[in-house]
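Colleague: Residue numbers (UniProt numbering), protein chains in the order written: chain S, 1 to 179; chain B, 1 to 179.
Honestly, the hints are just simulated from the structure, not real lab data.
C-beta atoms are modelled at their ideal positions from N, C-alpha and C, and glycine is treated no differently.
A hint or two may mislead.
Estimated spans, in silico, between C-beta atoms of each pair [claimed, not checked]:
hint : chain 1 : residue 1 : chain 2 : residue 2 : range
1    : B       : R96       : S       : V103      : 15 to 25 Å
2    : S       : F20       : B       : S25       : 32 to 42 Å
3    : S       : G163      : B       : A109      : 24 to 34 Å
So, partial list: chain B residues that the calculated Cβ filter (under 10 Å) puts toward chain S [said to hold, decoys possible]:
hint : residue
4    : M46
5    : D49
6    : V131
7    : D134
8    : L143
9    : I172
Number of protein chains: 2
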Amino acid sequence: MLAAAVRLFNEQGYDATSMFDIAESLGITKSSVYHHISGKEQLLQMAMDRALDGLFEAAAEVRNLDVPALDRLERLIRRSVIVLADRFEFVTVLLRVRGNTEVEQHALARRREFDAVVTELVKQAQAEGGVRPDVDPATAARLLLGMVNSLTEWYKPRPGGAGSIADAVTAIAFEGLRI
Amino acid sequence: MLAAAVRLFNEQGYDATSMFDIAESLGITKSSVYHHISGKEQLLQMAMDRALDGLFEAAAEVRNLDVPALDRLERLIRRSVIVLADRFEFVTVLLRVRGNTEVEQHALARRREFDAVVTELVKQAQAEGGVRPDVDPATAARLLLGMVNSLTEWYKPRPGGAGSIADAVTAIAFEGLRI
Numbered sequence: 001m002l003a004a005a006v007r008l009f010n011e012q013g014y015d016a017t018s019m020f021d022i023a024e025s026l027g028i029t030k031s032s033v034y035h036h037i038s039g040k041e042q043l044l045q046m047a048m049d050r051a052l053d054g055l056f057e058a059a060a061e062v063r064n065l066d067v068p069a070l071d072r073l074e075r076l077i078r079r080s081v082i083v084l085a086d087r088f089e090f091v092t093v094l095l096r097v098r099g100n101t102e103v104e105q106h107a108l109a110r111r112r113e114f115d116a117v118v119t120e121l122v123k124q125a126q127a128e129g130g131v132r133p134d135v136d137p138a139t140a141a142r143l144l145l146g147m148v149n150s151l152t153e154w155y156k157p158r159p160g161g162a163g164s165i166a167d168a169v170t171a172i173a174f175e176g177l178r179i
Numbered sequence: 001m002l003a004a005a006v007r008l009f010n011e012q013g014y015d016a017t018s019m020f021d022i023a024e025s026l027g028i029t030k031s032s033v034y035h036h037i038s039g040k041e042q043l044l045q046m047a048m049d050r051a052l053d054g055l056f057e058a059a060a061e062v063r064n065l066d067v068p069a070l071d072r073l074e075r076l077i078r079r080s081v082i083v084l085a086d087r088f089e090f091v092t093v094l095l096r097v098r099g100n101t102e103v104e105q106h107a108l109a110r111r112r113e114f115d116a117v118v119t120e121l122v123k124q125a126q127a128e129g130g131v132r133p134d135v136d137p138a139t140a141a142r143l144l145l146g147m148v149n150s151l152t153e154w155y156k157p158r159p160g161g162a163g164s165i166a167d168a169v170t171a172i173a174f175e176g177l178r179i
C-alpha cells in the first residue's frame, strides 16, 4: 500500500492524491485502506521515514570506522547514492515536501540534521588536512548532497546501476573533473 | 507583475495561484491584470524564458572563446551559478515544472537542449585530454547542473554572494574536495 501511495504522490503530487485514488490503484475499497492506516499523512510520514532511516543508517555505519574523516565522508556520499537508488520513490517524495504540515516540518528537520552530519565530516576532514580548506564546510555539504539529490530528477533505477553512478559522483566530488 | 506572479508561484505553487491572487498582491483589479497579459500561463512562460534565456546567453558567450573546452565548460558552469543567483525566482519556477502543459513541455525541451550543450563540452574536453575519461559525459553534465540547480533549495541571493558560491561549485567540480 505504501508503494502504491508513493507512486501516486510522485506522479500526480501529494496534494492531488486522495485516499480514494490510493484505494482504487490497489483495487480495494477506501474503508479497507482506512483499516490499515489513519490517512494519507501517515503514508507520507512512512515514506519519508523510509528515506531518512536509510540515510541515518548510512551515517551510523561510517561514524565508527577507524579511517580518516575524508574516507568516512566519501563513504557516506557513496552510501547516500545507493540509498537514493534503492529507495528512489521514497527519497523523491522526501525531497519534494516544502514543510506545509507538522509531519513535513519534522522531515525537514531530520534532513537538516543529516546535512549537519555531512558538514561535520567536512570540517573534520579539513582539520585533518584531507579536504581543501578554501570551501566552507556547510556549503560543501549542501553542494555534495545537492549533486546526490539531483539524481531524483533523471536517474532511472536499475539493478546494479547505482554503483557506477556512485563512482561518478565521488570521482567528481573528491577528485574533480580536471585531469 | 511578472515578479509578483513568480513570487506567488514559488510560495504557494503555480497550480494554487489564481489570477485574483496576482491582482490582489499588486493591489489592482483582475481585469487590469488581463489588460496586460492573457493569463497566468503567459506569466509562467515569461518567467521560464527569463531563466532559460540567461543560460543560453551564457552558452553563446563561451561558445566562441578561443580556449580549451575544459575552460569553456568551467566558465559555463560558473556563469550558470551567476544566472541562477541573478534570476533566482525565475530559475526556481523553471526547475519545479513537471511538463503538465505544452508551455511546460517546451521549457523542459529547452532545458534538455542546455544539458546537451554541457554534455558536448564535457565530451570535447575529454577528447582534448582535459577531463578525466572515466566519467560518462551526459552523467557528468547532469551532476554538474544538479549541483548548480540545488542552490534553489537553500541559497539566499545577496549582492556579491554569487561569486563565492560559484568559486565553491567550480572548486569541487573541477579540482575535487580532496587535497
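Colleague: It remains to establish, for every hint, whether it holds in the given structure.
Modeller: Right, here's what the structure says about each hint:
Between R96/B and V103/S, the C-beta spacing of about 21 Å keeps the proposed range 15 to 25 Å intact. For the pair F20/S and S25/B, the supplied restraint of 32 to 42 Å holds, since their beta-carbon distance comes to about 34 Å. For G163/S and A109/B, the Cβ-Cβ distance of about 31 Å falls inside the hinted range of 24 to 34 Å, so the restraint holds. The restraint placing M46/B at the interface with chain S is violated, with a minimum CB-CB distance near 23 Å, outside the 10 Å limit.
Hint on D49/B is violated. Least Cβ distance to chain S is approximately 21 Å, over the 10 Å limit. With a least beta-carbon distance of about 5 Å to chain S, the hint placing V131/B at the interface is held under the 10 Å criterion. For D134/B, the shortest C-beta to C-beta distance to chain S is roughly 7 Å, which falls under 10 Å, so the interface hint holds. With 10 Å as the threshold, the beta carbon of L143/B comes within range of chain S, its nearest partner Cβ sitting at about 5 Å, so the hint holds.
Of the supplied interface hints, the one on I172/B holds, with its beta-carbon coming within about 6 Å of a beta-carbon of chain S, less than 10 Å.
Checked against the numbered hints listed earlier, the structure breaks hints 4 and 5; every other hint is satisfied.
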